[in-house]
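2 protein chains.
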Amino acid sequence: MTLFYPNGQPYRDTGIRKESMLQSAVDYGHRGMTLEEDLNVTNSYYIQTDQAVIYKKPTPVQIVHVDYPKRSAAKITEAYFRKASTTDYNGVYRGKYIDFEAKETTHENYIPLKNFHRHQVEHMDRIRRHGGIGFIIVKFTKSDEVFLLDAVYLSECWSRSLESGGRKSIPKQLFQDKGHLIPQKYLPRIDYLCVVNDVYF
Amino acid sequence: MTLFYPNGQPYRDTGIRKESMLQSAVDYGHRGMTLEEDLNVTNSYYIQTDQAVIYKKPTPVQIVHVDYPKRSAAKITEAYFRKASTTDYNGVYRGKYIDFEAKETTHENYIPLKNFHRHQVEHMDRIRRHGGIGFIIVKFTKSDEVFLLDAVYLSECWSRSLESGGRKSIPKQLFQDKGHLIPQKYLPRIDYLCVVNDVYF
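Going down the list, the protein sequences come from chains A and B.
Numbering-wise (the working numbering), the first sequence opens with residue 1 and increments by one.
Numbering-wise (the working numbering), the second sequence opens with residue 1 and increments by one.
Think of the hints as simulated: they come from the structure by calculation, not from any bench.
One should not assume that every hint holds.
One copy or any two copies: either way a pair holds, since identical chains are not told apart in the list.
[What the hints assert, rightly or not] Only pairs whose alpha carbons sit at most 25 Å apart, straight line, appear in this in silico DSS-like list of lysine-lysine: (1) Lys75 to Lys114; (2) Lys83 to Lys114; (3) Lys57 to Lys142; (4) Lys70 to Lys168; (5) Lys114 to Lys185; (6) Lys70 to Lys83; (7) Lys142 to Lys114.
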């Protein structure tokens, strides 16, 4: 359905509305914000307040064709999404290497392991071997709870899932027993470093 | 031009062809290999031999339009290259966070500072403040010499370049005086960790 302004002009989404929605979403406890958006805001806050230097890596893209028009920027006209061989987030905090993957689940009591890839599990095993801190951050959207769970548990669940009849998901109970609930605040939104402080230092 | 397999599926670069190209390049003493290619091979070697976990980050791309054709992969049809706000390489080595940028210069005695961006210099300043190891790797292609230089010197040159009449490049002499020549070998090609061992541990 096309909507029209009183002046007869068709309504078009300019993105401005979206930002004001985000703003109002914040006021109402940021309903509708994705975990990724919340973590990006959180990481920016950590950088601005000089607490840590942690970034989300760019989305890996296989570039097939690029146009180089005269007098304007190179334009990628054919590209495909690639599967990440590492995790999405990494950086440095209090001299330590930090590495994590973040996922949401709509399931009430578990997150399917298909949210992660073998390469990512292997990557996090390596990180631990080399003295880095590796974990996953999982948001259970139904209850609006966000947990931090050390990568060793992901690795264990992954190994068990490969056995015949092995469970193909991580139960919420494991997050409650071995993980840590991350406080959600106005700023920083998902204060995972406060958990990292308690768990790893 | 899109190529098709006999089954009608479009051909996509899987990287296999590229690797075999790299392989043959190796056989000829890696003539024409860029610093980036050499570092990718080096980092793969470090991972395979379980010495370090260091990756090049994906190229940052601003995705504008994606097609979702039925029964095949999502295709990005409009995207643009973005300027990186961080450095290209990071990871963990012997429990330490490692972060660096790599550049080539065809100039015999200097590398212009315009090869780096303000955001990158600020990023490396932050890395040092938080206890990470930050440096640049620069290849002087004329002499085929590759140097490692701590990020503090990049930062100093950058600050001086902003003064009126300040030099807009880093002289090779600074690499020779304060930096470290990286041994080039068959494998690993650019053995920068052997320098990191000496300088930072």
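Evaluation of the provided hints:
1. Lys75 to Lys114: between (34 Å within a copy, 22 Å between copies)
2. Lys83 to Lys114: within (13 Å within a copy, 33 Å between copies)
3. Lys57 to Lys142: neither (27 Å within a copy, 33 Å between copies)
4. Lys70 to Lys168: Cα proximity of Lys70 and Lys168: none, with 52 Å in one copy and 28 Å across.
5. Lys114 to Lys185: Neither, since 29 Å and 41 Å both go past 25 Å.
6. Lys70 to Lys83: Between copies, since 19 Å is at most 25 Å while 33 Å is not.
7. Lys142 to Lys114: within (19 Å within a copy, 49 Å between copies)
The structure is inconsistent with the numbered hints 3, 4 and 5, although it conforms to all the rest.
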